[in-house]
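Model the full assembly from the supplied sequences, consistent with the hints where possible.
Now for the letters of each chain:
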Amino acid sequence: MTDASPTQATKPNTVVKPNPIISFEKITKRFGKTVAVDNVSLQIQEGEFFALLGPSGCGKTTLLRMLAGFETPSEGRILIDGKDIAPLPPNKRPVNMVFQSYAVFPHMKVSENVAYGLKMDGVAGSEIKTRVAEALELVKLDGYGDRMPDQLSGGQRQRVALARALVKRPRVLLLDEPLSALDAKLRDQMRSELTSLQEKVGITFIMVTHDQDEALAIATRCAVMNRGVLTQVATPADLYEFPNSRFVADFVGSVNMFEGVLEKDEPNEAQVRCAEIAAPVYLDHGVTGARGSTVWVALRPEKIEMHKRGEGSEAPKMEDAPAGANVVPGTIRDIVYLGSETIFEIELEGGRRVKTFRSNLTRYDQEDFTWDEPVWLAWHACSPAVLLS
Amino acid sequence: MASPFKREKPGPLEYMRQWPLRLIVGSTLVFLYLPLITLMVFSFNDSRRNIVWQGFTFKYYEKALTNDSLIQAFVNSLTIAFFCTIISVILGALAAVMLWRFRFPGKTAVEGSMALPIVVPEICMGVAMLVFFARVFPWPTGLPWPLNLGAITIAHISFAFPFVATVVRARLSSFNRELEEAAKDLGASEWRTFWDVLVPHMKPGLIAGALLAFTLSLDDFVITFFTAGPDTVTFPVKVYSMLRFAVTPEVNAASTILIVVTVVLTAVGLHLQNQNNSKESKA
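For the record, the sequence lines run as chains R and G. Residue numbers for the first sequence follow the working numbering, beginning at 1 and rising by one. Residue numbers for the second sequence follow the working numbering, beginning at 390 and rising by one.
Bear in mind the hints are in silico, worked out from the structure with no lab data behind them. What you are looking at is a predicted structure, and each value in this text was computed from that prediction instead of being measured.
Far from chain R by the CB rule (all over 10 Å, computed), these chain G residues:
#	residue
1	GLU403
2	LEU410
3	LEU423
4	PHE445
5	MET503
6	LEU505
7	PHE521
8	THR651
9	THR655
10	HIS660
Derived DSSO-like pairs (lysine-lysine); straight-line CA-CA distance at most 27 Å:
#	chain 1	residue 1	chain 2	residue 2
11	R	LYS308	R	LYS355
12	R	LYS119	G	LYS592
13	G	LYS592	R	LYS109
14	R	LYS33	G	LYS496
15	G	LYS496	G	LYS592
Note that CB positions come from ideal geometry on N, CA and C, so glycine has one too.
Written as structure tokens, this is what we have:
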């Protein structure tokens, strides 16, 4: 199994300089007896769009708030540009935050909201004016300067919050669940706007989210957290294709997970026997685990092929696996038609149900299979991810 | 089909169009306002005894407005109410912010003891104030106006500021903590954050609290009666002493003026508060 080393940004227009702008060094945060963040060490490079991903209560927001200065780490250090920021109060840190509720000041005009941070810094009046105008243009709110926040929609208020933070030209912009309060359509639009905004201003963005789609779509690199512990740090693609644990495989995307025993482990092939799958699971790469140890096989639904299984038909042969491996019989038990694709739930012989997606490539594809139809499920030798923990 | 000449029958939930509720609402209004209206009407009565309607006159308004001791009492009342309002609002707001913001040992006890002046019977408060100013903290007599009103003002503050604190505390519970963090994040100090974010949010509460403190102080009788001296008569105390001689329309006239002042001030205050609320409810 490839040890997913964090490759640099994979998105075209993002310039990532290999210069750690932020490093968390063995950060631990306790609230009374509960450990919110547990010994997290993490480096974020300049120019990244970094996502902290995890279920609610995993400590990702606490990590962000420690960076902004609203919480103090119980142990460890946080460095920005190599300098320990522990002694700095929130109002002296070179970071700015876009809050989950946007926190736009309700009694100030849009332009006053955006100008607030500059006023606090003692920037000259004429410069404030031009910079506010620039910032409003950047978030496409030019002409809205004289409005009150109650005259804006939720999406517009978020843009005010963005402009208000960006106008200060921070080293790092922090975003706390930036898209969670928007409706689905607006969320998609804002997603791509955030990406292009980040490319335009070239500031390092750090986003907290519980939505794995959001993280995969926007971020150049993601850190997955679970119960205060950093589970995996990788690019979105590595996170999805090469998860390092059951938690990550299950949290990011949808997955079929099987417990099994490692039967064979060579440098260029391996085999796992799972109680719930009739056929052995063959892999075209090594796993580096002790033979006979318990492992988990994670198989993404879209990586499973489905073939018709007529009366007495022979199992299809996967060309990259030995005969009989990576192919199992089953019966369709449930069909969920989603338009672009269809989700099938297939019952294997032992009773275990497996999910598979099938793209509807033509307008009649959805008619190919029906309820209670016998099928073969097959997958390539490079598709399953074997997880040791 | 509903004909244009016949009114539609009220729906099952349109209680205001059915007679039982109308009766209750109507009689409630009568009981609430009939005494006040009677008082106002009889302030125009052209009769010394003020028992039977004798005819319309402004005479007693003239008399009231030229009664120096009554005017002096009215000015005293307004002055006390003014200072009481300012100090109560400051104290009450600070107490509310403290109770909202901090956790400290004995917080519940502090919160409870602050509500005490609200629940303790006024007569007890009055006696307590009398004893306090007689034994513990004698207010020097013979001070020039308005310093001679100090004792009464202090007494009024002591029962008015818990009301302010309660109102402001309620307002603060709807405050979005992220606003405060946003201000700090943008570079504001603790002090600036307080003035730029917290105070604007508290404003409706401050206005409502000020209004309460003002009216409570203006019309307080019991506690004032125990703390007032011969040269520090307030309006309600003066009206009471006038009543002991005779119920003349002059008393009615004076009371009507007080009612009008209170109602106008309340209306202004509520209007200001509504403006603020409607602005924010949308935000």
